[in-house]
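Residue numbers for the sequence shown follow the numbering used here, so the first one is 1 and each next one is one higher.
Treat the hints with caution; some may be incorrect.
[Said to hold, decoys possible] Derived DSS-like pairs: lysine-lysine, alpha-carbon spacing no greater than 25 Å straight-line:
hint: 1; residue 1: 737; residue 2: 152
hint: 2; residue 1: 152; residue 2: 205
hint: 3; residue 1: 737; residue 2: 655
hint: 4; residue 1: 721; residue 2: 737
[Stated by the list, open to error] Listed next, with one range per pair, are the computed distances between beta-carbon atoms:
hint: 5; residue 1: 107; residue 2: 605; range: 53 to 59 Å
hint: 6; residue 1: 379; residue 2: 216; range: 41 to 47 Å
hint: 7; residue 1: 96; residue 2: 462; range: 28 to 34 Å
hint: 8; residue 1: 439; residue 2: 244; range: 24 to 30 Å
hint: 9; residue 1: 545; residue 2: 630; range: 20 to 26 Å
hint: 10; residue 1: 107; residue 2: 287; range: 48 to 54 Å
hint: 11; residue 1: 439; residue 2: 190; range: 35 to 41 Å
hint: 12; residue 1: 10; residue 2: 577; range: 34 to 40 Å
hint: 13; residue 1: 20; residue 2: 244; range: 36 to 42 Å
hint: 14; residue 1: 42; residue 2: 82; range: 24 to 30 Å
Hints were generated in silico from the structure; no laboratory data involved.
Bear in mind the structure is a predicted one, so any value in this text is a computation, not a measurement.
Backbone N, C-alpha and C define an ideal beta-carbon position, used for all residues, glycine too.
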Amino acid sequence: MRTAILAFAAGIAWLQWQPSLPPLSALGGLAVAGILLLAALRLPRWRVLGPVGAFLLGIAWSGLLADIRLNQSLPPEIEGRDIAVVGVVAGLPQRFDRGLRFDFDVETAPAALPQRISLAWYRGFRREEDDDSHAVPELRVGERWQLTVRLKRPHGNLNPHGFDYEAWLFERGIRATGYVRPARSDEENSRLDEFVVRPGYVVEKLRETVRRRFERVLGDPQAEGAAYAGVLTALAIGDQRAIDADLWRVFARTGTTHLMSISGLHVTMVAALAWWLASWLWRRSARLPLLLPAQKAAALAGFLAAFIYCLLAGFAVPAQRTLYMLGVVALALWSGRSVSGSRVLALALLLVLLLDPWAVLAAGFWLSFGAVGLIFYIGGGRLANGHWLATWLRTQWAITLGMIPALLALFQQFSLASPLANALAIPLVSLLVTPLALVGTLPFSDPLLLLAHSVLAVLMAMLQWLAAADWSMWQQHAPPAWAVIVGAGGTAWLLLPQGFPARWLGLVMLLPLFFVPPERPGAGEARVVTLDVGQGLAVHVQTAGHDLLFDTGPAFSADANSGNRIIVPYLRAAGVRRLDRMIVSHADRDHSGGALSVAAELPVAWMLSSLAADHEISTLPLPQRRCSDGESWEWDGVRFELLHPEASDYERIRKSNDLSCVLKVTAAGHSLLLTSDVEARAEAALLARHRPRLAADALLVPHHGSRTSSTPDFVAAVAAKDVIFPVGYRNRFGHPKAEVVARYAGVRQWRSDRDGALSVRLGATGVNITAERAERQRYWHGG
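Model the full assembly from the supplied sequences, consistent with the hints where possible.
Here it is in structure tokens:
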């Protein structure tokens, strides 16, 4: 059975890596074939075919569900239009610096819309009739609203080793995103009902009540005295959105992230407490054990407590996995049958994937099942017997070691401080902080909630001390897939029972994870990657031994920007440990928004820019100077030339766009021109000074395809065979403009909103461009 379940899971996982879904007829055929082959498990001679049938059933099951979800897509003709909808606030609204985000269940609309959409309600709009500020109302779960919204199909940035936002939305069943438009009358954007009674909304309302109670007792999570209120909220109801980025960084560096959300350990603890309490109370009665044995009553109570906790927690994958495992154990106890730990885990895996086949897209799925699988694997003699504390500490070490291949594959980092941090944190969080937080959800328990916060503050002081150590975190490049597989085998070999010969070979098998570096261009070649940062620009230029970053993308909010969300993770995965040069072409926030974050995370040898001396980026403590026409250098046989601006332009030109640094990269006789946001005036100056030198094989289109740039004379002088438009999906500027696109007719055109990140290879074979969306196409992309 366990083999068949693993094969079923493999079939589901295989489908999630496919660029398109098989036709419904093929899925139906696979289902029939899978059932027939699975029936072979009953026949000893044909039993080997059973897992094949389970694999086919996994493909068919997940494919059928995926087809249903894809058919809930937003009609293309609705994109970008204002439409009136009536529906219900379906989940906890999330505050952010510009307003609120919330999930919305559509009930009525003028066109066929997906059932659940994700909306933002921004503050700062103006009413047309009175020009008063348009405030964001206080939204509550379960309220029915009439809203005017503008929607678009799910779309996210797609970069090498980057987060797939569209996959995350698809897994959650969100088939459209958008925002609330400003009301033009009292009837628009109005609350229709205070609460719609449905089971899901009742649970969410309870979660909201708990969150409000925590905020009332502890204060705003952003306030100094309530710094960890968000963590307690996460432990009680699974809402992690009030935990700020600095705390997540501490948890990541200490390997305690799993404890600061509702993990399987917390669910097990709640079930164990309920089990013990029910058993104790049941045995106090003379009659109840005659009706039902205390052990069965305790098992039922433990499972029900875990179920209620998981409901309150939002049913994350680790919580689901634990709940189903507890359910299998309780069912086995009721039926009087024994069941092995591996079988319990396999059945939990089956239930998770039957209900949510897209769970395999989440890192938490692999980490949760992987960690529990490791615990079962290292049990039964693989760790020497001894004092329980020594055994527990060795288990922590073994889990840390065993999870290294997965952590490097998913995040390119792991915590070296994890064993020590978890030895401190697990007892405090699981046995003290979490129980106090759960009891703190009840009325008249304010002192216990405050006590939980005080205990957590002491723990956080220790974790912050550990996280501040340079040695606490190992960060590196993304290992190749084969090295991850070999490394996983190496950890399994290394954790074999003591006395097993040649266990040291496991360490040898781990070495490729660390010592097989990512491929770099050869001598005289360059790779230029235009990252998908939305409406902005960030370009990584790499030679055999050097790395340059041209622009740093936009800032998204007060604490999120392209630097910390996209560029730094990409550079780390690509094996870049330092930047030999960073160029910030001009001051516009869509080009400079991530510079401070990049400089904070990676050493920068030199910075070039057109920024004023008093700009905040210019105050960075690193060597820097202004871009100047005529400056050039050569790295590993690749030539770099700055063509704009001239030194005198800084005194004459006031418009930031026309001061943009312009860089030409030439390798093996082929070149690419990076023009940033230059407009017609700067293009004319370039033509006057450098007309012959503007010719290039590939061009990063000036100013995202704005009509203020790409003059016909400039386009003709460059005469590029490939052009790249760095634009955001359905951006508010309408870039690239149709007339500009027409000027590049007959040229291969690439767009970051359509193609994702674009990698340009300059070398002896010419110019080769690959698109990330083509490389990582999945069936949910673009739908």
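Taking the hints in turn, this is what the structure says about them:
1. 737 / 152: Satisfied, since the Cα-Cα distance of roughly 19 Å is no more than 25 Å.
2. 152 / 205: violated (28 Å)
3. 737 / 655: holds (21 Å)
4. 721 / 737: At roughly 19 Å apart (the allowed maximum being 25 Å), residue 737 and residue 721 satisfy the hint.
5. 107 / 605: 53 to 59 Å: With a Cβ separation near 58 Å, residue 107 and residue 605 satisfy 53 to 59 Å, so the hint holds.
6. 379 / 216: 41 to 47 Å: Once the Cβ atoms are compared, 44 Å apart, the range 41 to 47 Å for residue 216 and residue 379 holds.
7. 96 / 462: 28 to 34 Å: holds (30 Å)
8. 439 / 244: 24 to 30 Å: holds (25 Å)
9. 545 / 630: 20 to 26 Å: holds (25 Å)
10. 107 / 287: 48 to 54 Å: About 50 Å separates the Cβ atoms of residue 107 and residue 287, which means 48 to 54 Å holds.
11. 439 / 190: 35 to 41 Å: Holds, at about 39 Å.
12. 10 / 577: 34 to 40 Å: With Cβ atoms ~36 Å apart, the hint holds.
13. 20 / 244: 36 to 42 Å: Given range 36 to 42 Å: holds, Cβ gap about 40 Å.
14. 42 / 82: 24 to 30 Å: violated (60 Å)
In summary, the numbered hints that this structure violates are 2, 14.
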